[in-house]
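Engineer: The lines below spell out each chain.
Protein chains: 4
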Amino acid sequence: MVKYAIGDFFADGFFSPSATEGGNVGMIIVMEKNASEDQIRHVSERLQEEGFQVHLSKGVKKTIIGAIGERTPAVMESFEVLPGVEKIVPIIQPFKLASREFQEKSTSIKVGEAVVGNGSLQIIAGPCAVEGREKFLEAAHLVKEAGATMLRGGAFKPRTSPYSFQGLAKQGLEILAEARELTGLPIVTEIMDTRMVELVAEYADILQVGARNMQNFFLLKELGKIDKPVLLKRGPSATIEEWIMAAEYIMSSGNKKVIMCERGIRTFEKYTRNTLDLSAVPLIKQLTHLPVIVDPSHGTGKWKLVEPMALAAVAAGCDGLMVEVHQNPSEALSDGPQSLIPDNFKRLVLKINKISSVLKNDY
Amino acid sequence: MVKYAIGDFFADGFFSPSATEGGNVGMIIVMEKNASEDQIRHVSERLQEEGFQVHLSKGVKKTIIGAIGERTPAVMESFEVLPGVEKIVPIIQPFKLASREFQEKSTSIKVGEAVVGNGSLQIIAGPCAVEGREKFLEAAHLVKEAGATMLRGGAFKPRTSPYSFQGLAKQGLEILAEARELTGLPIVTEIMDTRMVELVAEYADILQVGARNMQNFFLLKELGKIDKPVLLKRGPSATIEEWIMAAEYIMSSGNKKVIMCERGIRTFEKYTRNTLDLSAVPLIKQLTHLPVIVDPSHGTGKWKLVEPMALAAVAAGCDGLMVEVHQNPSEALSDGPQSLIPDNFKRLVLKINKISSVLKNDY
Amino acid sequence: MVKYAIGDFFADGFFSPSATEGGNVGMIIVMEKNASEDQIRHVSERLQEEGFQVHLSKGVKKTIIGAIGERTPAVMESFEVLPGVEKIVPIIQPFKLASREFQEKSTSIKVGEAVVGNGSLQIIAGPCAVEGREKFLEAAHLVKEAGATMLRGGAFKPRTSPYSFQGLAKQGLEILAEARELTGLPIVTEIMDTRMVELVAEYADILQVGARNMQNFFLLKELGKIDKPVLLKRGPSATIEEWIMAAEYIMSSGNKKVIMCERGIRTFEKYTRNTLDLSAVPLIKQLTHLPVIVDPSHGTGKWKLVEPMALAAVAAGCDGLMVEVHQNPSEALSDGPQSLIPDNFKRLVLKINKISSVLKNDY
Amino acid sequence: MVKYAIGDFFADGFFSPSATEGGNVGMIIVMEKNASEDQIRHVSERLQEEGFQVHLSKGVKKTIIGAIGERTPAVMESFEVLPGVEKIVPIIQPFKLASREFQEKSTSIKVGEAVVGNGSLQIIAGPCAVEGREKFLEAAHLVKEAGATMLRGGAFKPRTSPYSFQGLAKQGLEILAEARELTGLPIVTEIMDTRMVELVAEYADILQVGARNMQNFFLLKELGKIDKPVLLKRGPSATIEEWIMAAEYIMSSGNKKVIMCERGIRTFEKYTRNTLDLSAVPLIKQLTHLPVIVDPSHGTGKWKLVEPMALAAVAAGCDGLMVEVHQNPSEALSDGPQSLIPDNFKRLVLKINKISSVLKNDY
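Protein chains in written order, with the working numbering: chain F, 21 to 383; chain X, 21 to 383; chain A, 21 to 383; chain S, 21 to 383.
These are computed hints drawn from the structure, not numbers from a lab.
Just so you know, not all the hints are guaranteed correct.
Since copy identity is lost for identical chains, a pair holds within one copy or between any two.
To be verified - Result set (DSS-like, lysine-lysine): computed pairs, CA atoms no more than 25 Å apart in a straight line:
| id | residue 1 | residue 2 |
| --- | --- | --- |
| 1 | K305 | K374 |
| 2 | K53 | K324 |
| 3 | K78 | K371 |
| 4 | K305 | K190 |
| 5 | K380 | K107 |
| 6 | K374 | K164 |
| 7 | K130 | K53 |
| 8 | K380 | K190 |
| 9 | K380 | K130 |
| 10 | K245 | K164 |
| 11 | K125 | K248 |
| 12 | K107 | K371 |
| 13 | K248 | K78 |
| 14 | K290 | K53 |
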């Protein structure tokens, strides 16, 4: 009835860093109907050699072996190919540092004067990309006036050649820094390559990992070594568990300041660019102690859906929103169709705050 | 760049009833790079024979033919196999009666004293199945007290033999009717077989089409002939367009009282039973004039997610909720893990109403 | 790590018929980290009351309870909501009659002179729909000549009104019967409504359940009462397990002659109408004793992909193919773009037979 | 009817490099039902400003504007937000250098003595990871003897710290080189980080881009600058178009030697780790001129499915296979459950060659 192998979660050589630190890892081994006594004994012995506590349950038709220990997924997986084994069922979640069980108190993260988590609601807004100094500074002022609490903007573009982009990137980062100076808003910007972590960390208040990089483990490891918060977007085809495991990767490398960001998953639906999975909000809160924000702009791909989905995200209990705002979406160099104009954004902030305050009274 | 055939939308012989009634159906025919003049002429001539207005655009490398007319998808599809044709791109949405373009004013549906749509928020609650008279009447009282405005409960079970279930079903329907009598709440119950439409319509105030029957066209046609509202659940793998087409099916068969119900779609995510697609709420409101409600119980499969997702659905602008409530979920014969207990439900209703009233002031 | 509830497999009140007949059903109950001794005892006692053998494993951080017995999924699911329970992990597959464990020998099904299974390769071909007598008889002759071993054609159309379609249907069925008479080929045709099972069974050699009806349990039950083979198409969003469960439904209702048919699943890919899941072929053979055929026409939606995917299906070990062939696809009333012309089909049959014979020598 | 925005294909700032070089890019702009004359004129004028040829089609209810030109997707997308525009439908595929239209002749790539493409069938085999010198050399001999034509093995592990892994990696690469020396087989190994392209290119005959890195644009760009073939795995949630676009990225950066590798996509099915999409094989051959190989090991995650799916892939027309083979899968440090033992692999090679030769005679 349970059909996926441990390998699903550790595919392609991925390795849960915290699992090695031990803990209460367990699994159930279901033996084949015709498994011989010898095969059952062999599995039990190997389990004991690996330090597992073993519990045998012989049914009329099948034998089931329970094993509890502190071994890595790779060790557990190795039992799947022993003779007589039908399947393995892992029974403990593979993340640890991120889990609510490990730390009951919700994490809140200070960013300048602002706090992500702890009941506050951060509204991160701005254009998709930093397209030019004046335009961006104007946008920064507009979103601040409308009620944004942080500023977003992409400084890096994959389009540019690796020889030129660092210069360009740096210029983008400097514009971002200038905008922070002028507005007082912390800045959030994307990091896409291991070679630039140091540079971006120098400027940004929060480093964003894009959806496509969620399982770029080299990048996650580098981000584990800096002292800035990381906003980790969910990959478009990542399960919630894989997403938490990516957070675990950063945390186990040394950086505990991880902010989760739901931005839609890929489904068969075609009206929307992605299907925004709002159930991720309460799930992240139940499974982990990390703050979670929602990006309804990428999550839907259509500006007409941004307001209702932003309100829904707040009602679902998120710690913040990330919204694309552009003075003139029809001239935006990227992602115009999902950007709000400042007036719509202002209206949205008002509604968000109303819902947010009603809910606070409620809980 | 556009990659699916018309056939995607009319797969397996499905036929849009309203499309036959004409309208402004159109398509673009992209010719192959090496299409000959003869092939282009042949396609143009056939288009004209079929009554299309034809617009030729010859580019340097490709010829594109625009065609506007009033033909059925089957006719459009037939062009895809003509020599020299690379692909067809349909450009008008295939539904008509359900569309906001056809009827600008939102539909509201009277059910007893209640109204679905028109700014009201219906809360349909009750256990998954009618499991017995006394238990159900008790549940009915409890959900009414907690604030439900309609009562739900399944009278039919596929599990029973076809020789016995009609009797059982009738008994279930009678219990539902008794509960309505006692509480004054309209009743919503599922219809699963063409042979029982008449019987169920006699008792129920709203007939529910389950997710698995969304494309049971024989059933939809039968429901098009009755004078009771139909609550149409979205299929777990149905696109929003296919779902609207199913509504169109009922409507074109004569019954305009269709209520859409989002209940989650099937994705790769495993923590939740389904992924509740709340973007469907604003999309249904933008694309159609029909009311739309949300079922967070089936939509998540976990009672701990019901409250946040119900609140999110309200914030997204839905016209109602359908929530499973059970006095004792651990004894429920089906879907226990997704049922709220009455106390939790009561608390939920309070929160729903707060959000709902804040939003009303806002809009 | 294991993330779905039993309810996933028995959603919406679905009930595994064979599970009631007992067998070696089992589950693991993972208790919450902070579960009290009382909660653990309470769960254990209820398990014993329900007749389960209980095995307790207390780890440093968590307690895990193994339970083996002969109870239905509904009973197992009821434990998920007991206080202190984190989750339930079912560990035995929910199907029985269809399973390879229940019957080791592969099922082969006689249809007229032909045999489905047992190493033979059936090639079921014909147009999507019976569009007229002469045309269909011509098609029948053409596909027979080209090497088809069975004839397919749809007699029912959802488009027609319920008052007229039975007549039309009957005429279609009579044309099918005439084609069988003339060619000697057994006929396969779709059944879509419980009200017509008797009529169709009178004419058809194999009754086909369409993908959208795979979980129409009332229809499955009716098909369980007839003495004709049923070709069960996989639903576009059905897991392999749900598909086998649908077969189980027919089998437990009395009809053991079930032929599985893979026809593509719904994914995010857009070039193809569906993603043909050929891994279903060896999986059905490993998990069940039923024959399995493949429909590359619906499975891809593009005639240019039919040949390579048909050959791949044969190489993967299927027991037959179902291929749409039409004299003039551009005039076909449905599914033209995925139909082969007779010449292409003839070439395909030659290749199929070559691969098939090479593989036979190999195994 | 057409439901996705141009942005779907160029999401998150992705930019089609070849589109800038012009070509016959086109789109259809569907105006809203109530679009004013002014709005229509405004759109037309902006199109002309951007250099598009404009074709107006005024229907009874809607106006449709055809536009043909040589502009980038970003320019096309910018029209979606103009007043009165309902949607944009792009009508030309976004890739160019990779397309069969651009280069009719199939690309074949020399690797040592071997050729990928041009009718040959490459069998790339070996363990998932290089786990040690002796073991790997033994594996290399075993797979060569069994009929492999190339050798695979991963030298990099995300698990190790960035300070130590380069040394380890280098050692792994040296073992690979030694194995090539001894067996004469070209070696294929994965590259995961921009910082290591130079080093890996020094050793490997083919550099493999893993599924998770398919849209790591910085890495693709670096690979565009080397003179070694790149094996590009399809991302688990990448459409075929996105996958081809990733190839386009490498090609437009200067490296034309790209080999596509289908390795399964993520779907709702749970028995298999991924759903191997074999229709990708004929589609890549129809849409592009690049060779395509298949990885049935990762594509299924179960060694029992590797043989049937490998045979199916060959029958579907692939140019090669990539198969995991391990002397002792139960001791493999990663991906044991999907590895064949050498004996099974040997048997597989025999069958592959039989099918391959039958098909050659056929075509």
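Engineer: For every hint, state whether the structure bears it out.
Structural biologist: So, going through the hints one by one against the coordinates:
{"no.": "1", "hint": "K305 / K374", "result": "both (22 Å within a copy, 23 Å between copies)"}
{"no.": "2", "hint": "K53 / K324", "result": "between (56 Å within a copy, 17 Å between copies)"}
{"no.": "3", "hint": "K78 / K371", "result": "neither (60 Å within a copy, 40 Å between copies)"}
{"no.": "4", "hint": "K305 / K190", "result": "neither (36 Å within a copy, 42 Å between copies)"}
{"no.": "5", "hint": "K380 / K107", "result": "neither (47 Å within a copy, 30 Å between copies)"}
{"no.": "6", "hint": "K374 / K164", "result": "within (18 Å within a copy, 29 Å between copies)"}
{"no.": "7", "hint": "K130 / K53", "result": "neither (56 Å within a copy, 30 Å between copies)"}
{"no.": "8", "hint": "K380 / K190", "result": "neither (41 Å within a copy, 46 Å between copies)"}
{"no.": "9", "hint": "K380 / K130", "result": "within (21 Å within a copy, 35 Å between copies)"}
{"no.": "10", "hint": "K245 / K164", "result": "neither (31 Å within a copy, 43 Å between copies)"}
{"no.": "11", "hint": "K125 / K248", "result": "within (21 Å within a copy, 51 Å between copies)"}
{"no.": "12", "hint": "K107 / K371", "result": "neither (51 Å within a copy, 28 Å between copies)"}
{"no.": "13", "hint": "K248 / K78", "result": "neither (53 Å within a copy, 40 Å between copies)"}
{"no.": "14", "hint": "K290 / K53", "result": "between (44 Å within a copy, 21 Å between copies)"}
Hint compliance for this structure: hints 3, 4, 5, 7, 8, 10, 12, 13 are broken, all remaining hints hold.
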